[in-house]
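*Asks:* Spelled out from the first residue to the last, the chains are:
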Amino acid sequence: MGTLQRILYVEDEPDIQAVARLALELVGGFTVKICSSGEEALREAAAFAPDLILLDVMMPGMDGPSTLKALRGQATLAEVPVAFMTAKVQPPEVAHYKALGARDVIAKPFDPMKLADQIRAIWNG
Amino acid sequence: MTGPHAPGRIAWLVLAAGLLPALFVWHTLREQATEHARGQFDLQAREILGAIEQRLYQHEQILLGGAGLFDAGGEVSRAAWHAYVARLRLKVNHPGIQGVGFSTLIRPHELEAHIAAMRAAGFPDYTVKPAGRRELYTSIVYLEPFAGRNLAAFGYDMFSEATRRKAMNRAVDRATTAITGKVKLLQETHGRPQAGFLMYVPVYRPGLPLATVAERWRALRGFVYSPYRMDDLMRGILGERNSSIDFVIHAGSGIETAQPMHDSREARPLPAGFQPRFTSSKRISAYGESWVVGLASRPEFEAQFSSQREWLILALGIGISLSLFGLTASLSTRHARARALADEMTAQIRENEARLSGLNERFELAADAAGIGVWEFDLETGRLHWDAQMHRIYQMEPGEFTGYYESWRARLHADDIDAIAALQAASKRGDAPFDTIFRIVWKNGEIRHIRAYAKVLRDAAGHPSRMIGVNYDVTEQQLAETQLRESEQRLRYMLESSPTAARIARAGGHEVIFANHRYAELINQEAPEVQGIDPASYYADAEDYADIVRRIGAGERIFDRLIELDIPGAGRKWTLASYLPIEYEGQPAVLGWFYDITELKRAEQAIVDQASHTQAILENTVDGIITIDARGIVASFNKAAASIFGYAPEEVVGRNVKMLMPEPYQSEHDGYLDRYMATGVARIIGIGREVAGRRKDGETFPMELAVSAIRHEDRPLFIGMVRDITERKRVERMQNEFVSTVSHELRTPLTAISGALGLIAGGALGQLPGQARQMIEIAHKNSQRLTLLINDLLDMEKITAGKMHFDLRAQPLMPLVLQALEANQAYGAERRIGLALAGEPLDARVRVDAQRLMQVLSNLISNAIKFSREDGVVELSVARLGDTVRVTVSDHGTGIPEAFRSRIFQKFAQADASDTRQKGGTGLGLAITRELVQRMGGRIGFDSVEGEGSRFHFDLPIVEDDAEPPAACDDAH
Chain A
1 MGTLQRILYV EDEPDIQAVA RLALELVGGF TVKICSSGEE ALREAAAFAP DLILLDVMMP
61 GMDGPSTLKA LRGQATLAEV PVAFMTAKVQ PPEVAHYKAL GARDVIAKPF DPMKLADQIR
121 AIWNG
Chain B
1 MTGPHAPGRI AWLVLAAGLL PALFVWHTLR EQATEHARGQ FDLQAREILG AIEQRLYQHE
61 QILLGGAGLF DAGGEVSRAA WHAYVARLRL KVNHPGIQGV GFSTLIRPHE LEAHIAAMRA
121 AGFPDYTVKP AGRRELYTSI VYLEPFAGRN LAAFGYDMFS EATRRKAMNR AVDRATTAIT
181 GKVKLLQETH GRPQAGFLMY VPVYRPGLPL ATVAERWRAL RGFVYSPYRM DDLMRGILGE
241 RNSSIDFVIH AGSGIETAQP MHDSREARPL PAGFQPRFTS SKRISAYGES WVVGLASRPE
301 FEAQFSSQRE WLILALGIGI SLSLFGLTAS LSTRHARARA LADEMTAQIR ENEARLSGLN
361 ERFELAADAA GIGVWEFDLE TGRLHWDAQM HRIYQMEPGE FTGYYESWRA RLHADDIDAI
421 AALQAASKRG DAPFDTIFRI VWKNGEIRHI RAYAKVLRDA AGHPSRMIGV NYDVTEQQLA
481 ETQLRESEQR LRYMLESSPT AARIARAGGH EVIFANHRYA ELINQEAPEV QGIDPASYYA
541 DAEDYADIVR RIGAGERIFD RLIELDIPGA GRKWTLASYL PIEYEGQPAV LGWFYDITEL
601 KRAEQAIVDQ ASHTQAILEN TVDGIITIDA RGIVASFNKA AASIFGYAPE EVVGRNVKML
661 MPEPYQSEHD GYLDRYMATG VARIIGIGRE VAGRRKDGET FPMELAVSAI RHEDRPLFIG
721 MVRDITERKR VERMQNEFVS TVSHELRTPL TAISGALGLI AGGALGQLPG QARQMIEIAH
781 KNSQRLTLLI NDLLDMEKIT AGKMHFDLRA QPLMPLVLQA LEANQAYGAE RRIGLALAGE
841 PLDARVRVDA QRLMQVLSNL ISNAIKFSRE DGVVELSVAR LGDTVRVTVS DHGTGIPEAF
901 RSRIFQKFAQ ADASDTRQKG GTGLGLAITR ELVQRMGGRI GFDSVEGEGS RFHFDLPIVE
961 DDAEPPAACD DAH
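Chains A and B, in that order, are what the protein sequence lines are.
All the letters of the first sequence, read from the start, carry residue numbers 1 to 125 under our numbering.
All the letters of the second sequence, read from the start, carry residue numbers 1 to 973 under our numbering.
Take these hints with a grain of salt, some might be off.
What the hints assert, rightly or not - One-sided excerpt, in silico: chain A residues whose CB lies under 8 Å from chain B:
hint: 1; residue: D15
hint: 2; residue: L26
hint: 3; residue: P91
hint: 4; residue: V94
hint: 5; residue: F110
hint: 6; residue: D111
Unchecked claim - Covered by chain A, according to a simulated footprint, are these stretches of chain B (three or more residues, beta-carbon under 8 Å):
hint: 7; region: 735-749
hint: 8; region: 762-772
The set of hints was computed from the structure by calculation and includes no laboratory data.
Even glycine gets a Cβ: it sits at the ideal position worked out from N, Cα and C.
Start from the sequences and build out the full structure, keeping to the hints where you can.
*Replies:* Pasting the structure below:
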């Protein structure tokens, strides 16, 4: 496994996009692409070729789980690790997301100063 | 002997010998019967006279009572007079009395003023009758009852009429009660006129001397009086008694001349040509008048005393004597030819005599048939001759009886010897008939009662020479009479001691002849006054009584009939009455029993009232009320319950209450009840909780149910109060959903805010100037608190909505405790608070959700840190407590104020509102902690000394082995 560098973040909320971009680029030093919906991610993910994908669960239109399913349908993205970001982090929910194929779940609201470390831990785990 | 064809002297002798005893016996019996009848006649005559005298005496008492009213009250108003007379209940108690009145005395100079006053008092047509000038007037001003015939007497001056005046004068002159001679009453306005008389009692003005005639006339104020219609009075006195004696009353002594005052034969005419066997004439002197009462027996009286027996004996005697005579006569004719042959004749005579004695035996047989023994006693020789029946009566063999007086006397009962001797002596002197009953003693010791009757025969000089008499055994009759007397006595004792009211009334039902004291109580009378009253007057419904009398008259017996009585002075009473026709003192009578159920009736009414009151409350209450029995069968179902469940009461009552429950409760309900009945362990009873109900349309709904168990008529009964809480639940759910939605919606902006602030505060965007950094840190800290608050709100909502997941696993407790200690070290250090494990670690396993337990421990530890003083210590300890393990978190901080302790586990409860800001925290921590502990099967508690610190602890059951599979619990039911 190579180094974690390119992260695709799918999130509909522009303010959270901005915070996360700073936390990941500035604090974490990653290359970040942000898509505002599942549909946009499906169009652009393959071209970006991410090392890891972060998916918000609750989104208008396609939500996180359906986006994950659709992304898995693209050959180049089938093996890319995915983590959900959600407020719903009760154990059965976490188990459910993992069963869908997510590597882990990051609780919202996240700590921007620690987000990069959390992601690295997932990548390494 | 007179000729060949004439009967011989012997035949005549035989005839005489046969007829004489027969006639004698007949005569004896007949005289005896006549004397008995005479005795009865005299007795009844005395009763009639006694009743008349008694009644006149009672009436005098009434008038004296009225006079007393004037003496006591001075003026007596018309109303008072009316009340007095009404109380007497004349019609019932004194039938025959026409009225009770007051005639006032008026002197000529007062006349005009008197008339004017009366007219002014409401009688515009009033005047004193008859008109005309007189020296003294009287006027009937009060006469009760003031109606009917009596109105004719109003204003009448009785002093104007000679017969009345004579009695009035006598009353004052002799200071006594006086009655008049025969008069025609003014009340004879219609109908057949009856003879009448009046009774007067003078009334004087109080306080004046009354010693002399002149003084009395000066003080005279008037007369209390009563008019009587003679026939009505006699009917009243004698009542319905069907006397078999007629009586005629004449005033004064002029029986032959004047019309009688009363003649009972008018009401009951005699058959034509009837001549009474018994008559007598008596005089009654009463109140200055004397009445002559002529009494005569009626045919029905005489019929009672005619007896067949004496005629039977006469007929038998004559018959036997005649046949004997015929036989003897023919014999003597046949042997007349041999008159010369004296020897032969003598022999013949002897033979005849022998035959005669045989025939005499036949006569004796006839007397035997009547059970009568005949004896003859020669007073000179002392010889006593008995016939065969006498021997049988005395149970003495002919050999035993010596034929002398002493032999008979030896059989007499010792107690009767002297009386018999005295009677014999009196009979010999001619002072008394020998007619008696005495006792004899048989050989075997048995005592018999003998009726004896005898005649004393005298010689030409009038000296007693012989006694001839008869004896017969009356033991059985005596015994029967004694038994009757005793049984009546027993009946009276029994009635008297009975706790139930009882009385005996004469057949026909209008006169009480015996009553016990309970009956007197029942009709609110003194016991001695009950005798003679007419019970009919107490029946609230006269028809009721008439029906009872009719049915008893027909020989029916009546049991437990509900009778409503109307008792003067006591009001309505209810009794269960039974009536039996009986014989009492030889007369047909009715025994009545009265069981007073007035109190029961009233209680019953009170219960009915109470029940309808209760029913009204039940029907109008908004909560459903359902009662069931021990088997779950619905006994009642009120209106509110009907509207909650959609069933009409009649669809549910009598069926099992399970129909109102959804599954699985429906199937399990019998089990709950059985278990409760068997063990007393209640699931709902006495607790009250939220359960699910099922409506008629199948809809399931939440309801609040409180059940209490009571005992009704010694059987368990359950009362369920049901409240439909669908609406409340819906509102609660909406509130919770609202909180949940709002919290979720808050999180998105909060994620952005707290993220942005975190980046700045974390220095990712470079260093800020001092004050700006401080402000950003404040903003960052508060955004984090907001996050915590929202998380707690969501947790709380999940717990209350039952959506929180618990992953319960049996695991060692100690590692979790240490982990919590470790996790909170940093926070403690920040506050300069030390965290330490006190005591020894404990090897115990508990079944918990590790993450939730961490939450519990963290809440308690962070609370302890929060409320500790700087440089303080927070200690954790773990200890075994029976089959539970106790985890205690202690601090030495400010402690919990007394007033706050009861609310400490409530949501948003903090001792001081300012704490929220000062100490941080959401106000939900302990509420969530308690919920979590309880969901994991534990209990939480605390103790605290204000100013010294607090100790929070929770206890969890220890799990002994880990073989059990992990159990997830979603709380989803």
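*Asks:* Are the hints correct? Go through all of them and say.
*Replies:* Hints, verified against the model:
no.	hint	in the structure
1	D15	holds (4 Å)
2	L26	holds (5 Å)
3	P91	holds (6 Å)
4	V94	violated (11 Å)
5	F110	holds (7 Å)
6	D111	holds (6 Å)
7	735-749	holds (count 4)
8	762-772	holds (count 3)
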